Each structure stands twice: as structure tokens, then as C-alpha cells.
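K.L.:
Residues per chain are reported as follows:
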Amino acid sequence: MTLLEVEGLSKSFGGVTAIADLCFKVPEQQVYSVIGPNGAGKTTLFNMLSGIYTPNEGSIKFQNRELIGRLPHQVASLGVSRTFQNLQMFFNMSVLDNVKVGCHLRTRSRIWSAALRLPGIFREERQAEAWSREALEFCRLEEFIGQEASALPYGVLKRLEIARALAAKPSLLLMDEPAAGLNDTETVEMRQLIRRICASGVTVLLVEHNMGLVMDVSDRILVIDYGSRLAEGTPTEIQRNPKVIQAYLGGEVQYAV
Amino acid sequence: MRYLRGFFILTAIVVAMPFLFPDNYYVTVVAVAAGLNAILAVSLNLLMGYAGQISLGHAAFFGIGAYSSAILTTRFGWNPWLAIVAGMALTCSVAFLVARPILRLKGHYLAMATLGLGIIVNILLVQGERWTGGPDGLGDIPTLSIFGWIVDSDLRWYIVIGSVLLLVVVLAQNIINSRSGRALRALHGSEVAAEMMGINTTATKTAVFVLAALIASLAGSLFSHQQTFVSPESFSFFFSIELVTMVVLGGMASTYGAVLGAVILTFLPELLVVFEEFEVMIFGAILMLMMIFLPQGLLVGFNEQIRKWLLQRARASGGEQRRDIA
Amino acid sequence: MSIIKTISSLAVSAILTLTGSQLMASETIKIGSFLAITGGASFLGDPELKTLQMYVEEINAAGGHAGKQIELVHYDTGGRAKDAVKFAKRLIQKDKVDLIVGGSTSGTSLAVMPLVAESEIPFISLAGSVKIIYPVQKWTFKMPHTDAMAAAKIYGDMRKRGISKVALISGSGGFGKSGRTQSINLAKQFGITIVADESYGAKDTDMTAQLTKIRDTDAQAILNFGFGTGPAIVTKNVRQLGIDLPLYQSHGVASKKFIELAGEAAEGVRLPAAALLVADQLPDSDPQKAVLLAYKSKFEAAHGPVSTFGGHAYDGLFIALDAIERAGTTDKAKVRDEIENTKGFIGTAGVFNMSPQDHLGLGMDAFKMLEIKNGNWVIVE
Amino acid sequence: MFDQILQFLLTGVTVGATYALVALGFAIIYNASDVVNFAQGEFVMIGAMSAIALSASNGLPLWLAIIISILITVGVGMALQRFAIAPARGASVVTTIIITIGASIFLRGIALLLWGKDIFALPHFSGETPIHIGEATLLPQNIWVMGGGALMVIGVHYFFNHTTQGKAVLACSCNRTAAHLVGINVSRMMLIAYGLSAMLGASAGILVAPITFTSYETGVMLGLKGFSAAILGGMGNPMGAVAGGLLLGLIESLAAGLISSGYKDAIGFVILLLVLFFRPSGLFGKASADRV
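Protein chains in written order, with this note's numbering: chain A, 1 to 257; chain B, 1 to 326; chain C, 1 to 381; chain D, 1 to 292.
Bear in mind the hints are in silico, worked out from the structure with no lab data behind them. Treat the hints with caution; some may be incorrect.
[As the list claims (entries may be wrong)] Heads up, simulated DSS-like pairs for lysine-lysine below, C-alpha to C-alpha not over 27 Å straight-line:
| hint | chain 1 | residue 1 | chain 2 | residue 2 |
| --- | --- | --- | --- | --- |
| 1 | C | LYS289 | C | LYS373 |
| 2 | B | LYS106 | D | LYS286 |
| 3 | C | LYS373 | C | LYS298 |
| 4 | C | LYS373 | C | LYS68 |
| 5 | C | LYS203 | D | LYS117 |
| 6 | A | LYS61 | A | LYS169 |
| 7 | C | LYS296 | D | LYS117 |
| 8 | C | LYS298 | D | LYS117 |
| 9 | C | LYS138 | C | LYS332 |
| 10 | D | LYS117 | C | LYS256 |
| 11 | C | LYS50 | D | LYS117 |
| 12 | C | LYS256 | C | LYS68 |
Keep in mind it's a predicted model, so treat the numbers as computed, not measured.
Use the sequences and the hints to build the structure in full.
P.N.:
In C-alpha cells, the structure reads:
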């Protein structure tokens, strides 16, 4: 089953093409990675998938529904969640509240009923807290539950962002460089976490620079360069693909000269 | 009910004051002004402290409420309660109309737009003489009566304003500790992340803007009936800035901080009158110094000072085993 | 830590003030005052306060009034109605004053009138609007001529000069707005047509745009109601644009400051004002002359050029003290009755003759029409 | 009609020139330190009031009084940076705004004590004989305001684009740490920025004082108008601030002349709001995008 289908996607900023005629399909319950050199357009792609940018052309079908034209919160309500390359934590809130925000789509109460504390609110609050604890435990963050987000170290925040995204119970999780800036131990933990996420039934779309991690966790990999598709396949296929070797090594050779 | 702990303390203070200091000018007159300011500060804090949307035009909604009550009761003989509701309805529609275009703006541009809105409303109050009485204002506004209990003394007004303040504090606390309240704080923390968590940030901003305006309108109506006289300079941009100062001084994103800020800024000039012409300078200096040394606001600042002090004491007595806390 | 100390000492002083005893010896006359000592109307409140302080000090030094010392309690409203109400309550409830002389601006005076009526305390307002005494309110009196009287005086002078088409320009503050309303209301009665109606903000720095419009009307004179910097700028702008129509200002500019600011442009400007400004030009037979010269020399010795505004405080203070003396008590109701009975009191604004129907007690003759010549006022009549 | 419009335009440009100088002061401080300095209007007041005090009561010649009062204001500006803004570094934007508001109240309080509540005028620099341009007129002082304003704008432009010091100030605003690392004395640059801004304010105050008069409260309204102009032009773009100031002056003058003098300020703000709705970063401001 295909969960996400991207066709003919293009985006340019003031005449500079960031993504050109990109096509790919993400199968359900897999880890699908997008790799490419810096500036290849990976984050731009994520921003289009999550509704932050509007593409110039193409279509993005998620569970056969068109995502283009939907605002980020509408995309999120269909079951797409994401993490960010530059941490986007709610530093003005506690760890628990950060994750509770993740439960936003699974709860219903409005500002007016909350103001009056109508009876349903208590139930909903308890439910949200239970879900949040679950997500925190899933990401092995239960020890930080009472702390303020601003007091946590970087590695923990990276996982907290994932916990927050998971609390929304998404079917697709977009992860933008989850291992960037992590040390070796943390990277291993992150790899295990990504596996657990996939195993729990959530499809993962991953952008990552750590090739060891990518090759290890991915089911399929898409390589893009200058905004267009260079290759696609399983990790083994990608590693053997001459175009990929050329793009990556060629680039390095040029640097060396 | 932990999040309401502060509320119970506040209730105790509000109830105790008239008994501790019966018939005292500061309790019956200044405290009523402080209470109204606190209501406004709490509402502004929802918008500014929690949702992170600065507004330098909050006095405009306060003014719309006050003048709705004043005009409808004096010129059309409406029942004050009906006038209050009508004022809130008017405020609601005005706030709703301007919310979308204004809240698209960020930072200083938002500050400017709200400031402009406040000034425009004030100019309308000054120029719209036929309805508003112009700069001389509008008098003979009837007072409120609650099922025959006529609010005609300072003490009674203290009771009314005190109750409304407590009510507004509960509302604010309830909201903050709910799904919607988290949405507010989330969009303050990171608008894009909030969107990705499914929060409709435009709708949320609009909702809190309208809510804050509604509370301000209510406060305005109460002000109008309490003073029995309104004039435009009570709703000038200076007052908007004063309200922002109350919120920041007490500590942003803290309902009780807003109350504290309002109380301090209302009482401070009362205490400073003895300095006569030095008053302005001293007031400015105090404001500056408090913000330089307690940039988080008084409530947070004090809490931190107390925590540090406790920590130091603990360290001094506990010695070795306490080292990990630092 | 030092901040905490400062703040806690502030808190302590706050509590002390809260609990502090408010009992006062009854052998003093307590006069309360709330004035616009700072803010846009400070040119009213400032000389008013100085006058009150000056005379209270003098009376006390001379052994008091009718054997009683006078205590003056005053607060600065900054011209804000909200603060006026608050401070009026403070005067009544906390300071327990016997009567109030104050309210520099019409807005602040109007705002406290319901409170004064409810608390049954005599209140002598120092502000201009006719709304303060019309309709008459039992507990409120007023010292300055009304803006309606000023407009009438000006129109009278205009008619004498054969002017019937007037361009009106006014400040958007309370004084200007109220003056504008009275001018429009009275125009018909004097057979005058208003051919332009412009306004400017209190802090505006250039009125040439408004005056350019006025220049292109068929106005025969310009009338400006306003105070502060506005009238001086209007006067200068009129000359700059080369408009040679007669320019009338209101009593809002009745101080030397206006002549100083407007400089040469002020030459030929006419304004209605109390005789105080031209005390030395009055004939010796004028009953007011002695009072005016005494006040003028006393004020100018201490504080510089006199304005009519401080004079209103003088009138208010002594009308109050006379009433207390006649009543033989500070009982509020009796003092009020005596203020209402004021007859033939010679003040700076004129000779006051109050009655239950008239809480001002001044006639039109109290106003003089002045023209500015060689940097000084000259009586034209 | 044409003569009227010409007069409105001339008036607008003179008033706008003052706004422009105040707005430029806002933009410079904002550029250097991300602080919106609400005490900017107070610089205008201090410049004008001290020039008057020095020349009138101390009997100094006008030019000397002007130089000394500019130096005084620059000192005040630097002191503001050193003792109020610098210690609060890292505080939130709103907190710094409140600090500058506190500073402006404080400065106003001091001015009140020093100079009282009176309104003062400075003598016109070169007489008061109106200059006629067609049917429209202009005072020689208006030319001083426009000319002085233009000179200062050019000076500021030169400073930021063609001198090492100016570029160093800009570098601090882009990235403080990086500027520090390449050897720029960041705290000195901040002092320069505040000093420069104070100088502009004081000059504006002195140039307009003969026409508009001044008192201890003058700063409030000019600060507000200057801030509006800076926003209209686009905060952080010095030339935008100048354009914003001129534009605001023109709008007010035309609104007063052609539509309604009572509502001219309201019209100014309505236009400002409309501009912001279509260009949320002002007329010449750069749209900022968050990287995620």
C-alpha cells in the first residue's frame, strides 16, 4: 500500500529552482529516507509536504487525498506529523505540556468550555496526560516529565520533539535530521527509536546526513540532487548506484582540488 | 486543583482586606482601581504573556466597553446590564474584524498596528462629540444594581470588582491549563511547530484576541458605571502602555504576575504623591530599575531570588550531598 | 538583595500609610485641591497651585484665618478625569477636607461633580466650561468666566468692527472643543456666519494646512479657541501665510507666555480676558484695581509673570475663606450656603455676586477685550 | 487649488523632515541592538531644552549652546545604553521596551525638575521673513529643518556604508558573536549607535524648536510619530525610516488640508495600518522568514 505519493513536484524561489519535477512513493509502515548533499532541497521538500510552502507544480497525495492547498494544521489533522531540523520546541512550557500539545488533534475542547471548566474537560485532561506519558515512555523520556523544556540538553530535546510528534498519533512522521548534533551513544538510541516507531505502525519519512544511520534503518532511499531525483531503491541498491557514487564522491573530489 | 492554589490565596486577600482595614481609602477606592486594572492586565496577559502577541491598543476595547455602557444608558435609557452585554457584543465584532489582518503581523509591526488601532479609537471618542461628549466626556451614568442590591458605595464596588477579578482569574487559569491554553503557549513558543501539531494558529490567535477584548470591554463597562463619568483620556494610548507595563512588570505568562503588576502600578503613584515634582522621575527610575534587575518580572524574579536563597542555605547546612542540585 | 530591601521598605511604608491614623486636630481649616499640575494643562494647574500655596502660607504666618490655621492638601491629576475622581475621593475620605478648590480643566471638574454632590462637600471649580454651572448643581461653584461668555465677548467686538463672517479654528482638547461648541451655538444670536471650522491636535506643530484652507474662504476674521502651544503656532502661521484678517484668540492665552512665544506675530491679536492682565491700566476708580495690583505684585515677586489662571485660585480660596468666616464654622452645609450668598466679592476675575440660580456670579463686564500692542495688552473699548 | 496643494506639500515635507530624523534615530538603534528605544523622543526634547537653557539663561551664543546641548544629549544617549540597556542584555523584547519607557519617564522627570513646565522657543536661526513660492510660503527655519535633515541623512548613510566604524556597527547587528570574534569592540559600537541616535534626536529638536516650541513633554508625541514613521518605512532600514517620516508628514498635511483636520491623525494611522496589511514589514522593510 502506498501511503504518500508525490508527482511532478516543483518549487522555485525567485527564479532559483529548489525542487524540480520530483516523483516518489512512500509505502506504508516503512522507513523511507531522502538523502542528498546540502542544499539539495530536502528541507524544502519537507516544508511542502507539511503545507508550509506551496509548490509551483505537482501533486502530493496522502492516503489518496491531495495535500497541496491545505494549511499545515490541516495537513497535520490528516495524520502527518513532523520534527524540525532546527529545534522547534515550546521552550516556554514544561516537558509534559509540550507533549500534551501533541495531543491537540486527539482532543476536542474549545476555549469557552475550558474557561468554564465544564465537566468533560477533566476527563479530557486526564486522557491527554495519559497519552503524553505513553509517548514520553515510548521515547524513554519519563525521567524528565516534571522539568521545563528550556532546562533540557540538546540530545533529550531531539527525542522530546519526536515524542511530541508521536503524541498526535500520526500515520506519517516526517523526521528532519533527527541525529544531527547527537553523539555516538545518542545516535544509537535514535536509531533504535526510529525502528520502534516504524514497528509501532507509523510510516517514517527521514531526512538525514548520517549515512550509517540511514543505511541501517531505511527500507528504501531516495537520493536527490539539485532538487531532482538521482536514484531510488533499497540501501544496497543505492550504495552500488554509480550515479550516487559520482554525485557524492565527485563532489568530494572537486572539493579536494 | 493545584493550578488554582494562587487563586485561593488571592481570594483570601481580597476577602480579608475590608475586614482588616475597614473604611480605608486605599482598600475601597484605590483597590477598586487596582482591581479594574488587574482585570485588564489578566486579559492582556492571555494575549501577550501566553500567546506572545503584543498589543499596545488594549485600552481601545476598554474604551469601547465603557462608552457603550455610557452612551446606551444615558442617551437611550437602556438597562445597565443590557448595555454591558451590548458593549461586549460590539467589542466582539470589532475585535473579530480587526483580528485577522492585525494578527498576521509580528513583533514591532504588531505593536505598531495595535497602537494605531488604539489611537484611532481614541480619536473617534474625542471627535464623535455628538455621541461621546467629546473631550469633556459623558456624565450621569447610572450605577449597577444586582437584584435590587444597588452598587452605590465604594465598599460595594469593591465587592463587585473583586468578584469579577476573581472570576476572570479563574477563567484565565482554566484556559491556560487546558487544550486551548496549551495551544496559546505553543504558538508563542514556535508558531510553525504549533501548526504542525494541528493547531490552527490564526483561529487561536483570533479567539484569544477576541476573548481578551471581551474581558476588557466588561472592565470598561464596570469602570463606566463605577465612575459614573467617562472621558477619552482614560482610554488613551498612554493607558495601553501602562497596561503592558503592568503585565511585564508582574511577569509575563503569569496570571498572578499580571495581578501583582496591576496592583503595584496602581498603588505606586498613590505612594509617590508625597514626592510632588520628583514623582515623575522617581516613578521612571523605579520602573527602569525593576525591569533591569528583574527582567522576568517581579513574581518570577522574586520566586527565583527566594529559590536561590533557599538553595544557598541548603548548601550551607547540607554540605556535600546537596552538590548535585547546583 | 538591595532591591528586595528597597521594595520591602516600600511595602512597609505602604502598610503604615494604610493603617496610619487619620485623625486631625479640628482647629484647622482643611482645604483640598486637585489640579493639573503636570500634563498638557499644567499652565493652568501650576500657577493655581502656586497661588494657593502662597496665600495659605501667608495667612498661616499671620496667625491663621479667624484664628484657625489652614491646611492645604493637593494632588496632581495630570489633567486626567480618572485621577481627579480618585484624588477627590482621597480628599474627601482620607484627608477629610472641609471643602475643595480645584479642577483646573473642565473634564476633571465635570468628572468629580457627581461625587461632590453625593458626598455633600462644597466644590469651587477653577475650570472654564459652562456645563459646570449650567444647569446649576447644589454643591458646585465656579470661578472663571465661561467659554460662552468669552465667545459672546468676542462676537460683540466683531460686530462693532462690522465683521460677520468668521473662520473658526480650535484645539481638539476639552477647552478648544467646548469653546468651539459655544462659538457655533452663539453665532446666530450675534448674526455671525461660521465659514470654516478647522481643528488641530494639542501637540501639533504646524497649522498651515488648516489656515491655507481658511485663507481661501471669504472669512473676515479668524477665531481660535485653544491653549498651550497651539494658539501661538496658529498666530505665527497666520502671519507666515500672509493672512491679514483680524485674529481673535480666547482667554486660554491670557498669559505673557503667549506673547513671548508668538513674538511679533502676536501684534494686533485680540482676546477677551479678566482685568488682571491690565491692572495698571485701569482707572483708579475701578474697585478691582487694588485687589488686582496686590495679587499681581505678590505673585510676580515670587514666581514671574502673572496669568489669569492663578487668579482664579485666588478668587476660589478667598471666597471659600470668607464663607467660612461668615458661617463661623467649617460645617459643610453652612459653608455651602454662605458661598452661595457671596455678594460683592472683589476678585481677580471680577466682582462676584452669587445666587441660588447663579453659581458663577460674574457679569459680562468682568471681561475686558484686549489687544496686543508692542508686546503688551491694551484695553480696547 | 494648486496653490493650496503646494502649501500642503511644503508643510508636509517640513513636518515630515522632523519625523524622519526621529525615525532615523529609531532605526539606527534598532539596527545596532534590536531594541526599539521609546526614549528617542526624549533626545529631541533634551536637545531643544538644553539649547534654550544654555542660550537664554546662561547667555551663550546660539551656535555654542547648540554644540554643547548636542554633546549633552549624546552623553545621555550613551548613558542610557551603558546603564539601562547593556545591563539588561538578553532580556525579552518587551522587557527592553518597558526599560526604555521607564527611561523616557525618568528623563522627562529630570527635565521637569531642571526646566519646569513652561513652554519655550528658540530664536529663528535666520529671521522670520516668509519665503514665497508661488502663493505658498515657507519660513527660513523650514529650510534649515529640511537642509539640516538632508545633511544628517546623507551623513548617516555615508557613515554606515563607507566607514569602518559604521560597518562595524552594522556587523554587530547582524551577528554579535561573529562581530566580537573578528575583533570588533561590540560594547563600543553600541555606545556609538546610541550616541549617534541621540545626536540625530537632539539636532532634530534644535532645528524645529524655533517653529514648534518645546517643553519637557514635547518628546512624547514626537517619539510616537517617529516610531510610526520608522515602522511605515520598515524597521531596520534607515532610508526607509526617512521615507516613512516624510510620507507621514505629507499624509497628515494633505489629510488636514483636503479631508478633515480633526481626523488627520486618524487618517495617518489608517493609512499606516493599510500599508501594514499589504506589506507586513513596512514599505521598504525586508520580509523575515523563520528557518525551520
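K.L.:
Need the status of pair LYS289 (chain C), LYS373 (chain C): alpha-carbon distance at most 27 Å?
P.N.:
Roughly 21 Å separates the two Cα atoms, so the pair holds.
K.L.:
Quickly compare the C-alpha distance for LYS50 (chain C) and LYS117 (chain D) to 27 Å and report which way the hint goes.
P.N.:
Roughly 13 Å separates the two Cα atoms, so the pair holds.
K.L.:
Given the hinted pair LYS298 (chain C) and LYS117 (chain D), is their alpha-carbon gap at most 27 Å?
P.N.:
21 Å, holds
K.L.:
With the threshold set at 27 Å, check whether the alpha-carbon distance from LYS106 (chain B) to LYS286 (chain D) stays at or below it.
P.N.:
13 Å, holds
K.L.:
Run the distance test for LYS117 (chain D) versus LYS256 (chain C): straight-line Cα separation, threshold 27 Å.
P.N.:
15 Å, holds
K.L.:
Do the alpha carbons of LYS373 (chain C) and LYS298 (chain C) lie within 27 Å of each other, as the hint requires?
P.N.:
25 Å, holds
K.L.:
Under the criterion that the straight-line Cα-Cα distance not exceed 27 Å, is the pair LYS138 (chain C), LYS332 (chain C) satisfied?
P.N.:
12 Å, holds
K.L.:
Does LYS256 (chain C) pair with LYS68 (chain C) here, judged by a C-alpha cut-off of 27 Å?
P.N.:
36 Å, violated
K.L.:
Sort out whether LYS169 (chain A) lies within 27 Å of LYS61 (chain A), counting only the CA atoms.
P.N.:
19 Å, holds
K.L.:
Tell me if the straight-line CA distance from LYS296 (chain C) to LYS117 (chain D) falls inside 27 Å.
P.N.:
Holds. LYS296 (chain C) to LYS117 (chain D) sits at ~20 Å (cutoff 27 Å).
K.L.:
Just to be careful, I want the Cα atoms of LYS203 (chain C) and LYS117 (chain D) compared with a cutoff of 27 Å; is the pair within it?
P.N.:
Within the cut-off at roughly 15 Å; holds.
K.L.:
Hint check: LYS373 (chain C) vs LYS68 (chain C), CA-CA at most 27 Å. Holds or violated?
P.N.:
46 Å, violated
The structure fails to meet hints 4 and 12 from the earlier list, while all remaining hints are met.
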